[in-house]
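J.: Could you put together the complete structure from these sequences and hints?
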Amino acid sequence: MNESIPEGEIRIGSDAALTLGFTADRFSGYLWRTGDSIFVSLIISLEEGKGHVSGLFDRIASLGYTVKVPVPSVRMTAILRHKGFVRLDEWDPFFGETCEVWCKASEAAVPI
Numbered sequence: 000m001n002e003s004i005p006e007g008e009i010r011i012g013s014d015a016a017l018t019l020g021f022t023a024d025r026f027s028g029y030l031w032r033t034g035d036s037i038f039v040s041l042i043i044s045l046e047e048g049k050g051h052v053s054g055l056f057d058r059i060a061s062l063g064y065t066v067k068v069p070v071p072s073v074r075m076t077a078i079l080r081h082k083g084f085v086r087l088d089e090w091d092p093f094f095g096e097t098c099e100v101w102c103k104a105s106e107a108a109v110p111i
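Here this note's numbering is used: the first residue of the sequence shown is 0, the next is one more, and so on.
Quick caveat, the hints were computed from the structure, so don't treat them as lab data.
No residue lacks a Cβ here, since even glycine has one placed at the ideal position from N, Cα and C.
A portion of the hints provided could be inaccurate.
Restraint-style ranges between C-beta atoms, simulated for each label pair [as the list claims (entries may be wrong)]:
#1 Glu96 / Glu46: 31 to 37 Å
#2 Pro69 / Gly20: 17 to 23 Å
#3 Pro92 / Leu17: 15 to 21 Å
#4 Arg58 / Gly34: 14 to 20 Å
#5 Gly20 / Trp90: 26 to 32 Å
#6 Pro92 / Asp24: 32 to 38 Å
#7 Glu6 / Glu96: 30 to 36 Å
#8 Glu46 / Val70: 20 to 26 Å
#9 Asp57 / Asp24: 16 to 22 Å
#10 Cys98 / Gly63: 20 to 26 Å
#11 Asp91 / Gly48: 30 to 36 Å
#12 Gly28 / Lys82: 15 to 21 Å
Mimicking SDA-like on lysine to any residue, the simulated pairs with C-alpha atoms at most 25 Å apart in a straight line are [to be verified]:
#13 Lys82 / Phe93
#14 Lys49 / Met75
#15 Lys82 / Gly63
T.: Below, the structure is given as structure tokens:
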């Protein structure tokens, strides 16, 4: 795993964001790293249909992280299903409740 991605928020323009290809010409929003996972939450692709979201997911996975998408929009849910993601209910210690989170089916069997 690439330890150059720090824990916590990953803002566009940061070194971590550049490593992931999460750039201002392609996205708005932010990512979040917790342990072995990078959460893709509330991002907007500035050029829909160009494959930037798929590229981001692939890059995150290539660095050894699990891609997780909490409570996705309807459009994002369609993308996730197409890419082989499944819905899980995961405990969120910050909010103190169970939350909908999507990850690759192949990684769903791994304790998260």
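J.: Are the hints correct? Go through all of them and say.
T.: Quick rundown of the hints versus the structure:
1. Glu96 / Glu46: 31 to 37 Å: holds (35 Å)
2. Pro69 / Gly20: 17 to 23 Å: Once the Cβ atoms are compared, 21 Å apart, the range 17 to 23 Å for Gly20 and Pro69 holds.
3. Pro92 / Leu17: 15 to 21 Å: Hint violated: Cβ distance 29 Å, outside 15 to 21 Å.
4. Arg58 / Gly34: 14 to 20 Å: holds (18 Å)
5. Gly20 / Trp90: 26 to 32 Å: holds (30 Å)
6. Pro92 / Asp24: 32 to 38 Å: Taking Cβ atoms as reference, Pro92 and Asp24 lie about 35 Å apart, which means the hint holds.
7. Glu6 / Glu96: 30 to 36 Å: violated (22 Å)
8. Glu46 / Val70: 20 to 26 Å: The hinted range 20 to 26 Å holds for Glu46 and Val70, with Cβ atoms some 24 Å apart.
9. Asp57 / Asp24: 16 to 22 Å: Given range 16 to 22 Å: holds, Cβ gap about 18 Å.
10. Cys98 / Gly63: 20 to 26 Å: holds (23 Å)
11. Asp91 / Gly48: 30 to 36 Å: Roughly 32 Å apart at Cβ, these two residues keep to the hinted range, so it holds.
12. Gly28 / Lys82: 15 to 21 Å: 18 Å Cβ-Cβ, so the 15 to 21 Å window holds.
13. Lys82 / Phe93: violated (28 Å)
14. Lys49 / Met75: holds (14 Å)
15. Lys82 / Gly63: holds (17 Å)
The structure does not agree with the numbered hints 3, 7 and 13 stated previously, though it agrees with the rest.
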